[in-house]
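**Student:** Construct the entire structure; sequences and hints are all you get.
Chains as they are written, first to last, in numbering that gives the first Met the number 0: chain A, 0 to 342; chain B, 0 to 342; chain C, 0 to 342.
Copies of the same chain look alike in the list, so a pair counts if it works inside one copy or between any two.
Derived BS3-like pairs: lysine-lysine, alpha-carbon spacing no greater than 30 Å straight-line:
| hint | residue 1 | residue 2 |
| --- | --- | --- |
| 1 | K261 | K315 |
| 2 | K195 | K1 |
| 3 | K28 | K81 |
| 4 | K44 | K28 |
| 5 | K44 | K195 |
| 6 | K279 | K44 |
| 7 | K28 | K279 |
| 8 | K94 | K1 |
| 9 | K195 | K261 |
| 10 | K44 | K297 |
| 11 | K261 | K28 |
| 12 | K168 | K81 |
| 13 | K297 | K195 |
| 14 | K228 | K279 |
Since the hints were derived computationally from the structure, they do not count as laboratory data.
Please read all numbers here as calculations on a predicted model, not as lab measurements.
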Amino acid sequence: MKFKAADIANLLNGVVKGDVNAEVWTLSKIEEGSEGSISFLANPKYEEYVYTTNSSVVIVNKSFEPSQPINTNLIVVEDAYKAFTVLLNHYNSVKNNKTGIEEFARISETATLGEDVYVGSFSYIGTNVKLGNNVKIYPNCTIGENVTIGDNTILRSGTQIYEDCVVGKDCIIHSNVVIGSDGFGFAPNTDGSYDKIPQIGNVIIEDNVEIGSGSTIDRATMGSTIIRKGAKLDNQIQIAHNVVIGENTVIASQAGIAGSAKVGRNCMIGGQAGLAGHIKIGDFVQIQGQSGINSDIKDGAQLYGSPAINATDYRKSYVYFRKFPSIVKRLDELENKINKTKS
Amino acid sequence: MKFKAADIANLLNGVVKGDVNAEVWTLSKIEEGSEGSISFLANPKYEEYVYTTNSSVVIVNKSFEPSQPINTNLIVVEDAYKAFTVLLNHYNSVKNNKTGIEEFARISETATLGEDVYVGSFSYIGTNVKLGNNVKIYPNCTIGENVTIGDNTILRSGTQIYEDCVVGKDCIIHSNVVIGSDGFGFAPNTDGSYDKIPQIGNVIIEDNVEIGSGSTIDRATMGSTIIRKGAKLDNQIQIAHNVVIGENTVIASQAGIAGSAKVGRNCMIGGQAGLAGHIKIGDFVQIQGQSGINSDIKDGAQLYGSPAINATDYRKSYVYFRKFPSIVKRLDELENKINKTKS
Amino acid sequence: MKFKAADIANLLNGVVKGDVNAEVWTLSKIEEGSEGSISFLANPKYEEYVYTTNSSVVIVNKSFEPSQPINTNLIVVEDAYKAFTVLLNHYNSVKNNKTGIEEFARISETATLGEDVYVGSFSYIGTNVKLGNNVKIYPNCTIGENVTIGDNTILRSGTQIYEDCVVGKDCIIHSNVVIGSDGFGFAPNTDGSYDKIPQIGNVIIEDNVEIGSGSTIDRATMGSTIIRKGAKLDNQIQIAHNVVIGENTVIASQAGIAGSAKVGRNCMIGGQAGLAGHIKIGDFVQIQGQSGINSDIKDGAQLYGSPAINATDYRKSYVYFRKFPSIVKRLDELENKINKTKS
Chain A
0 MKFKAADIAN
10 LLNGVVKGDV
20 NAEVWTLSKI
30 EEGSEGSISF
40 LANPKYEEYV
50 YTTNSSVVIV
60 NKSFEPSQPI
70 NTNLIVVEDA
80 YKAFTVLLNH
90 YNSVKNNKTG
100 IEEFARISET
110 ATLGEDVYVG
120 SFSYIGTNVK
130 LGNNVKIYPN
140 CTIGENVTIG
150 DNTILRSGTQ
160 IYEDCVVGKD
170 CIIHSNVVIG
180 SDGFGFAPNT
190 DGSYDKIPQI
200 GNVIIEDNVE
210 IGSGSTIDRA
220 TMGSTIIRKG
230 AKLDNQIQIA
240 HNVVIGENTV
250 IASQAGIAGS
260 AKVGRNCMIG
270 GQAGLAGHIK
280 IGDFVQIQGQ
290 SGINSDIKDG
300 AQLYGSPAIN
310 ATDYRKSYVY
320 FRKFPSIVKR
330 LDELENKINK
340 TKS
Chain B
0 MKFKAADIAN
10 LLNGVVKGDV
20 NAEVWTLSKI
30 EEGSEGSISF
40 LANPKYEEYV
50 YTTNSSVVIV
60 NKSFEPSQPI
70 NTNLIVVEDA
80 YKAFTVLLNH
90 YNSVKNNKTG
100 IEEFARISET
110 ATLGEDVYVG
120 SFSYIGTNVK
130 LGNNVKIYPN
140 CTIGENVTIG
150 DNTILRSGTQ
160 IYEDCVVGKD
170 CIIHSNVVIG
180 SDGFGFAPNT
190 DGSYDKIPQI
200 GNVIIEDNVE
210 IGSGSTIDRA
220 TMGSTIIRKG
230 AKLDNQIQIA
240 HNVVIGENTV
250 IASQAGIAGS
260 AKVGRNCMIG
270 GQAGLAGHIK
280 IGDFVQIQGQ
290 SGINSDIKDG
300 AQLYGSPAIN
310 ATDYRKSYVY
320 FRKFPSIVKR
330 LDELENKINK
340 TKS
Chain C
0 MKFKAADIAN
10 LLNGVVKGDV
20 NAEVWTLSKI
30 EEGSEGSISF
40 LANPKYEEYV
50 YTTNSSVVIV
60 NKSFEPSQPI
70 NTNLIVVEDA
80 YKAFTVLLNH
90 YNSVKNNKTG
100 IEEFARISET
110 ATLGEDVYVG
120 SFSYIGTNVK
130 LGNNVKIYPN
140 CTIGENVTIG
150 DNTILRSGTQ
160 IYEDCVVGKD
170 CIIHSNVVIG
180 SDGFGFAPNT
190 DGSYDKIPQI
200 GNVIIEDNVE
210 IGSGSTIDRA
220 TMGSTIIRKG
230 AKLDNQIQIA
240 HNVVIGENTV
250 IASQAGIAGS
260 AKVGRNCMIG
270 GQAGLAGHIK
280 IGDFVQIQGQ
290 SGINSDIKDG
300 AQLYGSPAIN
310 ATDYRKSYVY
320 FRKFPSIVKR
330 LDELENKINK
340 TKS
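**Tutor:** Structure (structure tokens):
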């Protein structure tokens, strides 16, 4: 798809300085521009690039005053950064507007589909599944029986959702995510073997949640594992059975939350962090990457270490850990002095 | 499916107190009960809920004596917890009793299938594959050539098994598991590049193993990577080439076992733990989450830390790590005293 | 496939000592040999096995002089280890020579396919995709629009590649890998919720890269996430948006690299290591497993710990960490002595 500078200026409530017919078909950083690309300049730190860029069009702030000649075409707007985000979203919505049922899709006769739904080839829509309006199911997904998926939600290819789970509206589930697999529950026998504890609950994903590729979210033993609205999960996150993740909580990649842990809202959990089972994390808690949390945590706490303690305390202790050999040397010297003194 | 209280009492060798015709169609915790659900009361701690629950039926112990009026229907059994587990298993076996070959399944002419096998749409059964009786292959699985899968084993959707691997009886393999991918073996060249070392072994999963969603198990360079009977692996576990996991060993999510490590039987390995390659872990070893093991470990050891040491020792040392600033302050003060004394 | 000893000797420029008609159909370690298998003896440590092995044929060095009677057939070559690798590669290339389009594959009319391409059932080749010569796409893969894949590259089953990504020649992508999922980028709103920052870049995988099963590589926000030629990634690796991994760098399983980090060439990154975002790692850097790197690192550095420091320093400090209780006891004793002295 090609667009003219004039059309884009119109979309962004901007004014073209230069060729209104200049054509663009991709987006790029200003320092990586090429013919046909559109870029933006918001941060004055990058001003030099606007004089040398190969981008065909650059979006700039109203307040920008060139100090050298400009060889590209400008679109002048109130706020270049915001305008570029508008453009990005427009670009993405045009790109991801697939609709219809592709060949080799398998849709149960008892499933109900909203308007403008897309189901890609090799995707399996089980019995009694309900897909809202504008739901997009990319190829190679399996949606188990009785699953409900809300309006505008996108499932990228290879995602697997077990029976009875619920996904809200406006969610994005990336490739190869698993939702609703059995929780890890076993009862030990006297001979050292284990009996499986049946896992008959489900997973509920509320509205406006994004889940990164390769993440796994187990169903509850009974009741529901819940990801509350607005939560954002990065790639390869593990959420165990009966966990609750609070509203707007953000979890970086490869973190793991063990069974029945409850995480509050607006928390930030760093990559590769691990939370033990059956603990309660307050709201607005910040957990440094690779930390291990094994007890209840108050609202607003900042944590680091394994097991985690207050982040500032951890950093202080770690400074001394790094100096441990010299600290022990000081102790050695003191002992020598004392022993000399005594003798 | 709806069941009457009388039928369930019959299944559980229990007696109904209340309406023998009360109908139930789902299971729930006693505190989350709703019309049509059946719950249980085993732990006296939860007794209060039996007087207020909305569950239509509650299973109780013979020994339970109500201290208030009961508004629901009871089924009285010898052991309510065990009875509920029987009910759960019954519920699950009724639910997962799919059989037959769905449309758009691709089964090689040279594959052999036992009785009551289920193969879902978009699943690929390669040449010479052998599926035992009652095997269930959910949609979007790929089973490579010469693979053997034992009776009653379930593969959930999206699971990929490479050629020549063997899966035993009564196993559950959850979604998006990979079994038999190449081990990570490369020989360095003088120019800094690497040549691939071909990985021609396989993976053997013995009977009664459960593997969590998103886990990956690499084939051996030569010979076999082996998961022994009764082992339970949680989600996103990584098992490298030529590893052996002993009988009934339990591994929590996101743990990784490097190449050629041998793990004994009845071990418990915590989440996000990492085991180095070519080490030998004894039987009944317990490894705390996030620990890193880089040497051979004796039977029954309990480990913590990275690198891991005896778990009790780690916890003791960590108490002092937390107090490190105050310990250094004490050292400072001692030095000051000594220096004053000397001057 | 059965081969005669004479044919194999011919392939390896070797000489048969024994029955030139001895038949083999599999490869095994010398200590695990069985009838029909071929093994090798290179390391003198294993010499004893050549006298007792059940392998039908054993490849040995020219320099090998038996000290006992040999009951198997030998193939004598210049370098037994190298010869066996040649044999392994030959075995693998014969095994993985699938070609053609299987039934239930879906290939866009606008896609272009080179010679000898294989596309398995249930694989989806999107619009404008370009597959080079000899590309092998196993079943249940999804290749998004505009993706380019170079000659001889193999995608194992279940791999998902998002639109606009580029994969080079001679790559191996194992099962359930995700390439090109959205980077994890969100802009906070004043009410605590987040807006998605569109991710419109792509992923570029250069030539001769191997990526282990279950790994996830996010597309750039703008521009490209890049894996340079010869890099080797193990299973369950996480590569965030705008990361660059240098030539011939090797990353062990479950490591994670956060957004915009740049890793140099010929580095070795241990399992479960984590690299923070926006840092620059030099060339030839070695990072111990489970380490956490949060700052720029010079060429050739060796690192350990979380946060990581020089590996030797970490090990020294950790020795004292283990002795922490006895060190504090020494401090206690010194204090007692001083206080006695003073009183």
